[in-house]
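Chains A and B are the protein sequences, given in the same order.
Under our numbering, residue 512 is the last one in the first sequence; the count climbs by one each step, no gaps.
Under our numbering, residue 145 is the last one in the second sequence; the count climbs by one each step, no gaps.
Keep in mind that the hints are not guaranteed to be accurate.
Said to hold, decoys possible - Have a look at the derived ranges for each label pair, beta carbon to beta carbon:
hint	chain 1	residue 1	chain 2	residue 2	range
1	B	Arg-48	A	Pro-26	51 to 57 Å
2	A	Thr-272	B	Gly-97	33 to 39 Å
3	A	Ser-37	B	Arg-102	36 to 42 Å
Claimed, not checked - Stretch by stretch, here's where chain B covers chain A in the computed footprint (C-beta under 8 Å, at least three residues):
hint	stretch
4	134-144
5	148-154
6	167-174
7	404-416
8	453-462
Note that these hints are calculated values from the structure, not bench results.
Even glycine gets a Cβ: it sits at the ideal position worked out from N, Cα and C.
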Amino acid sequence: MNALLAFATLYALPIVAALGLWLARPTASMARGMSVSAGAVLVAVSGWQVANAASGEVFVHAFGGWAAPFGIVFVVDRLSAVLVVLADVLYLIAVFALRPGVHGGHVVSRAAPLLLLLVFGLHGAFMTGDLFNLFVMFELVLIISYLLLQVPGSSRSLRAAFPNVVINLLASFLFFGGVGTLYGLVGSVNLADLATRLPLVDPSFRWGALSMIVVAFGTKAALLPVVFWLPGTYPTPSAPIAAFFAGIMTKLGAYSLLRISPLLLAGTSLPTVLVWVGAASALLGVLAALSQYELRRLLAFHSVSQMGYVVASLGLLSVAGIAGALYFLVHHALVKASLYLVADELERRHGHRDLRRMPVSKAGSSALLGGLFLASAITLAGLPPTSGFIAKVSVFVAGMDAGAWAPLAALVLASLFTLASMLKIWQFAFQGAGSKSPSTGHAAVSPSPGGLRPWLAPLGALVALTILLSASAGPSLRFARSTAEQLLDVDAYVTQVKSAPGHGFGREGVWR
Amino acid sequence: MALVVVMAVFLLMSVGVYLLLARRTFSTILGVSLIGHAVNLIVLSAGRVRSTAPLLQEGEAPRDVVETMADPMPQALVLTAIVISMAITLYLIAVMGLKAKREGIIDVTRIPESDADRDDEEVRRELSGALAQTARDGRTTSEAP
Numbered sequence: 001m002n003a004l005l006a007f008a009t010l011y012a013l014p015i016v017a018a019l020g021l022w023l024a025r026p027t028a029s030m031a032r033g034m035s036v037s038a039g040a041v042l043v044a045v046s047g048w049q050v051a052n053a054a055s056g057e058v059f060v061h062a063f064g065g066w067a068a069p070f071g072i073v074f075v076v077d078r079l080s081a082v083l084v085v086l087a088d089v090l091y092l093i094a095v096f097a098l099r100p101g102v103h104g105g106h107v108v109s110r111a112a113p114l115l116l117l118l119v120f121g122l123h124g125a126f127m128t129g130d131l132f133n134l135f136v137m138f139e140l141v142l143i144i145s146y147l148l149l150q151v152p153g154s155s156r157s158l159r160a161a162f163p164n165v166v167i168n169l170l171a172s173f174l175f176f177g178g179v180g181t182l183y184g185l186v187g188s189v190n191l192a193d194l195a196t197r198l199p200l201v202d203p204s205f206r207w208g209a210l211s212m213i214v215v216a217f218g219t220k221a222a223l224l225p226v227v228f229w230l231p232g233t234y235p236t237p238s239a240p241i242a243a244f245f246a247g248i249m250t251k252l253g254a255y256s257l258l259r260i261s262p263l264l265l266a267g268t269s270l271p272t273v274l275v276w277v278g279a280a281s282a283l284l285g286v287l288a289a290l291s292q293y294e295l296r297r298l299l300a301f302h303s304v305s306q307m308g309y310v311v312a313s314l315g316l317l318s319v320a321g322i323a324g325a326l327y328f329l330v331h332h333a334l335v336k337a338s339l340y341l342v343a344d345e346l347e348r349r350h351g352h353r354d355l356r357r358m359p360v361s362k363a364g365s366s367a368l369l370g371g372l373f374l375a376s377a378i379t380l381a382g383l384p385p386t387s388g389f390i391a392k393v394s395v396f397v398a399g400m401d402a403g404a405w406a407p408l409a410a411l412v413l414a415s416l417f418t419l420a421s422m423l424k425i426w427q428f429a430f431q432g433a434g435s436k437s438p439s440t441g442h443a444a445v446s447p448s449p450g451g452l453r454p455w456l457a458p459l460g461a462l463v464a465l466t467i468l469l470s471a472s473a474g475p476s477l478r479f480a481r482s483t484a485e486q487l488l489d490v491d492a493y494v495t496q497v498k499s500a501p502g503h504g505f506g507r508e509g510v511w512r
Numbered sequence: 001m002a003l004v005v006v007m008a009v010f011l012l013m014s015v016g017v018y019l020l021l022a023r024r025t026f027s028t029i030l031g032v033s034l035i036g037h038a039v040n041l042i043v044l045s046a047g048r049v050r051s052t053a054p055l056l057q058e059g060e061a062p063r064d065v066v067e068t069m070a071d072p073m074p075q076a077l078v079l080t081a082i083v084i085s086m087a088i089t090l091y092l093i094a095v096m097g098l099k100a101k102r103e104g105i106i107d108v109t110r111i112p113e114s115d116a117d118r119d120d121e122e123v124r125r126e127l128s129g130a131l132a133q134t135a136r137d138g139r140t141t142s143e144a145p
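With the rest of the complex left out, here is chain A (with noise of 0.2 Å):
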């Protein structure tokens, strides 16, 4: 396999996966098998991809042969292949994690399409190297996840999209309005030739056009003025598919954020807001959740928490805090989706999403339950062996690298205030805490016969993701270090895209 077919395989599978899924009109189950089967190859392909992309090399795909700062370049580096395989994997066990038994026929074959649809849009968003391109594929997500929002059908779903869609789509504009200044500023919208050019502009100027751009990612991955499409959005769809939002949603924002922080951002002030943001979010984020009942729209708050890390991190602009971004990034995708997945299960068996109205003695038999939600809570908190206890570490060495102290006390607070609102779910959900007040609802599902448990296989793969995340912690550490020397290096991206194969008429450089 060459880097082109593989390319072209992530590109062109999901779209033609969708529509065939469309038009074909399957059975839920078929539908389901369709999916996963898709799944598993865009999962192989993206793994050849990462172990291609690993070796430094950077591929360059300019379509239509038009050269980089007239066609659209499709740029796949270490850190493009890393988050598309994360897609990848979560859309995979969240495929097979919506079960037709469990969620709902029509809700599995209405939800197929559209999921692969949303990976085509993830796809295209994490392997573009030219801003506008970018614009398009936030919007495709966008309208793509608004559609996924109405799949429930009921009052709530369309209470939830409501704003989630409002407040995207003039965080688009802003985004919009951001690139048509820099176009305006410098005639380009190739990200390799904003870098080259930018730093030549009267810094004002730049600073208001890129601020426009860094708020409107900022949305995206959820930071703290911006962040309230989010909470109300995740509790409302089927579980799975909130799993794969939670999962990789905000990680489009954040994957923004990396990709144009050394590119543009560098040399400006902005880094540094980014910094203080991050913190903040991280801190109040993890306050808010704290205080919420729902279950689900307390682990959205803590994703506005744990992006905060993340967007924090890679403010610094260091390698560390590059590296370490990327590994949080990484490591808190999938433990979020473990935890959704948990949430799932809690839910359909209290027949209630409010923690409150779980008490302990319907979840019965639930101690493999309880230990897989004790597990991915331990790592989402941080604490030692386990994958978040060294993510946090890592952003907190760049932190004391760069003697950003005050930011570094706001993530460490919150950090604590996670394992807070972690114990506060065990007590709930796992030692009746609220068993006092008795529940009026019904189960949703009585427990399956013959002690078959479909959640274990999803939950249980994502949590084996999560353990070996840590102990292969020394290779990933490596891996993501060698991703922020090469994020960090400017020029060679640069020459990379510039010296990709084409040709159109900008072969020979009609503007320089």
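Position chain B relative to chain A; hints supplied.
Just chain B now, with coordinates in the frame of chain A:
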């Protein structure tokens, strides 16, 4: 010419924000799309709005033509953005309009956001995916058996 664009942006933006803040779902959707058009105009003006010259000429273009030429790139970008925002606006209106017509809702933000104010039975059916079936059959959630 640039002044006209600036005034149009100002007008669209202020009307858009006014509509966005109204407590009616349909007004909010209209407001968002007006703000989108204001942004489109901003981007369009990045390619200059004073053009008279053609993009390509036979032979070497004279210097003054190149100086006053409009850049077609932002126009292409804006075209894409218009198509995208049209799709989103249409979808919003379709979903909100259908829902509002069926249930008489003017402001979706009045729908309870937490399950505390909802029927236990509805929550249970939503969690098991049964509501998707009902919604597909075109009945309202309250009529469900």
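Outcome of the hint check:
1. Checking the proposed 51 to 57 Å range against Arg-48(B) and Pro-26(A) shows it holds: the Cβ atoms sit about 52 Å from each other.
2. For Thr-272(A) and Gly-97(B), the Cβ-Cβ distance of about 46 Å falls outside the hinted range of 33 to 39 Å, so the restraint is violated.
3. Distance hint check for Ser-37(A) and Arg-102(B): the Cβ-Cβ separation is about 38 Å, which falls inside the suggested range of 36 to 42 Å.
4. For a cut-off of 8 Å, the count of residues in the stretch 134-144 of chain A with a CB near a CB of chain B stands at 5, and the three-residue condition holds.
5. Counting residues of the stretch 148-154 of chain A whose CB lies closer than 8 Å to any CB of chain B gives 5, which reaches the minimum of 3, so the coverage claim holds.
6. As drawn, the stretch 167-174 of chain A meets chain B at 4 residues by the rule of a beta-carbon pair under 8 Å; at three or more, the given contact holds.
7. Coverage of the stretch 404-416 of chain A by chain B is violated in this model, with 0 residues showing a Cβ closer than 8 Å to a Cβ of that chain against a need of three.
8. Closer than 8 Å: that is the beta-carbon criterion, and the stretch 453-462 of chain A has 0 residues meeting it against chain B, so the requirement of 3 is violated.
Figure legend: structure checked against the earlier numbered hints; hints not met, in rising order: 2, 7, 8.
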